[in-house]
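Read off the chains here:
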Amino acid sequence: MNLSNYLVLSAVLFTIGTSVVLLRRNAIIVFMGIELMLNASNLAFVTFARMHGDLTGQVVAFFVMVVAAAEVVIGLAIIVAIYRTRRSASVDDANLLKS
Amino acid sequence: MTAQFVAPEIAWAQLLPVILVLGAGVVGVLVEAFAPQRLRRPLQLVLALGGTAAAIVAVAALWPQTVADGGTVVLGGSMVLDGPALALQGVVAALGLVGLLVIADRTETGEDAFAPSAAAVPGSDYEEVARRRGLAQTEIFPLVLFSLGGMMIFPAAGDLLTLFVALEVLSLPLYLLAGMARRRRLLSQEASLKYFMLGAFASAFFLFGAALLYGFAGSVRLSDITVAVGSVTGLDPLLIAGSVLVLVGLLFKVGAVPFHAWTPDVYQGSPTPITGFMAACTKIAAFGAMLRLVYVVMPGLEWDVMPVLWGVAALTMVVGTVAAIVQTDVKRMLGYSSVAHAGFILVGVVALTQSGITSVLFYLLVYGLATIGAFAVVALVREVNAGPGGAVVAEATHLSQWAGLGRRHPVLAGSFVLFLLSFAGIPLTAGFIGKFTVFSAAVEGGLWWLVVVGVLASAAAVFFYVRLVVLMFFTEPAGPDAPTTTVVRTDGLSQVAIGVAAVATVALGVVPGPVLDALGDVAVFIP
Chain R
1 MNLSNYLVLS
11 AVLFTIGTSV
21 VLLRRNAIIV
31 FMGIELMLNA
41 SNLAFVTFAR
51 MHGDLTGQVV
61 AFFVMVVAAA
71 EVVIGLAIIV
81 AIYRTRRSAS
91 VDDANLLKS
Chain L
1 MTAQFVAPEI
11 AWAQLLPVIL
21 VLGAGVVGVL
31 VEAFAPQRLR
41 RPLQLVLALG
51 GTAAAIVAVA
61 ALWPQTVADG
71 GTVVLGGSMV
81 LDGPALALQG
91 VVAALGLVGL
101 LVIADRTETG
111 EDAFAPSAAA
121 VPGSDYEEVA
131 RRRGLAQTEI
141 FPLVLFSLGG
151 MMIFPAAGDL
161 LTLFVALEVL
171 SLPLYLLAGM
181 ARRRRLLSQE
191 ASLKYFMLGA
201 FASAFFLFGA
211 ALLYGFAGSV
221 RLSDITVAVG
231 SVTGLDPLLI
241 AGSVLVLVGL
251 LFKVGAVPFH
261 AWTPDVYQGS
271 PTPITGFMAA
281 CTKIAAFGAM
291 LRLVYVVMPG
301 LEWDVMPVLW
311 GVAALTMVVG
321 TVAAIVQTDV
331 KRMLGYSSVA
341 HAGFILVGVV
351 ALTQSGITSV
361 LFYLLVYGLA
371 TIGAFAVVAL
381 VREVNAGPGG
391 AVVAEATHLS
401 QWAGLGRRHP
411 VLAGSFVLFL
421 LSFAGIPLTA
431 GFIGKFTVFS
441 AAVEGGLWWL
451 VVVGVLASAA
461 AVFFYVRLVV
471 LMFFTEPAGP
481 DAPTTTVVRT
491 DGLSQVAIGV
501 AAVATVALGV
511 VPGPVLDALG
521 DVAVFIP
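So the protein lines, in turn, are chains R and L. With the first letter of the first sequence counted as 1, position 63 gets the number 63 in UniProt numbering; the numbers rise by one all the way through. With the first letter of the second sequence counted as 1, position 350 gets the number 350 in UniProt numbering; the numbers rise by one all the way through.
Fair warning: there could be bad hints in the mix.
Per the computed footprint, the stretches of chain L lying under chain R, defined by three or more beta-carbons under 8 Å from a beta-carbon of chain R, are [said to hold, decoys possible]: (1) 29-41; (2) 195-201; (3) 263-270.
Just so you know, the hints here were simulated from the structure itself, not pulled from any lab data. Please read these numbers as outputs of a predicted model, since none were measured by experiment. Just so it is clear, CB atoms sit at the ideal spot from N, CA and C, and this is done for glycine as well.
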């Protein structure tokens, strides 16, 4: 099994995540896109670790998971606060700040 | 055969500045959990100001050693505490201390800049009850300390993992703090959402870039990547894509064009003391990390990646200046002006000369002082409700509300003028010396065309700074006789911060020599 397939998968997942962030309006879905991008990076790290025969990449993946969990806590707190204020989680509705 | 576990050696003394700040933050969380409500604010104030001041003392104590031996690599290479890292830690801690004074300040009615209960829905009965009972979210102090700790690790990070973790540690508390304003809470929450979404998006790019660099070099250590740049061949696409993606993450944090879209919105919506703190300290930390990356890893990539940075620098100066000219909100105008300043600092970063490092360190210091001072002034200028004895409410951020302010409050308006002149780079203020050193470093690096763009942008920027000065001192307020704008009375901490920033801005403008020499002594990165 060729290891570079995993890299291709990682790039595809990262691209899907980016498209989700740019195209969807619901803050929760946008946020899921960001999580997908982080996990695509994790896959790349683990694959490269296997290619290099080096454990650092796997350790990095663990750190990223912890950081992503912290990010989820903050992100959902902000989205819930916005939802309770506006009764909407659409990122397009939050448009009071502009020139 | 079992591998022998070897306990790592930890250089506690070198890590002391970071440990003091983060330790004060952790104790602050315990205070929130166990101290009675009336004791929390005094305890948090002592912890926050004490922890930050102790960090400054620790930096000063480490200074002579670092000047002598160039610094050390600690934690097995995860942190590189060389001269620039130590200098930036000192600058971040000092500006954090000034910023904390502004954050801690309260009006004479005991209201700080933050919502009495950030979880309450704006306009709800619960919010009103929380306001009447005088609740306060003293959690802001530990949050600021954690953010400050992240900012002190960021410029010292020796590998991409530490860089990523520090990036998140400095950002996550700021996302929350941005959403906690007492007034105009819808704007504040919106700022928080935008900052969080775009910040997380940018850090995902950063992480993918880090993964590609790891794939290229087989190590996340910056020194190993530097070696691999010279030795590994055939993997250039990984190297260049990785470097660009990592730089995107950092350019987002400093608010460089085209990654600046969040800057004006977040600066306008956040509580003003937090805006000042993050505008100054985040930029310093992120430019510190970028300096390390560009000067340690990128010299081998001068013709692949540097042209991108040249373009970003030119675009940032021009777009920031042009957009600031048309703004009508003072916080938004300062936001765009900070975008322009990111461009000026980038000119020093891409110079790739020894004087480039010194000039960027100096520019960051003077920009941070003027920024915290300017936003502290903005936080004090408030609207008054119509009618006799009207209550003092939210900040008067529309430019027209500042008309004639200089005649009624000459000292405050005078210090604001000083900060604006420093932004504009008028001689005898620190901003002039900052711009001069950055531009001369770029000329030395052969980038004269970038300097021409920078000088033209500075000249155009003078227009909107001076317009505000004219508005404050030479324009009568329109409308009814009673002024609708006033300067709120406070505990006095903001005035101390403004005074410190103003004195330092003048002092660094008149006698910059000692500080420039001290920064020049330490401006050497160790790989």
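Right, here's what the structure says about each hint:
Here the segment 29-41 of chain L counts 0 residues with a CB under 8 Å from a CB of chain R, which misses the bar of 3, and the coverage is violated. Counting residues of the segment 195-201 of chain L whose C-beta lies closer than 8 Å to any C-beta of chain R gives 4; at least three are required, and the coverage claim holds. Residues of the segment 263-270 of chain L with a Cβ under 8 Å from some Cβ of chain R number 4, which satisfies the need for three, so the listed coverage holds.
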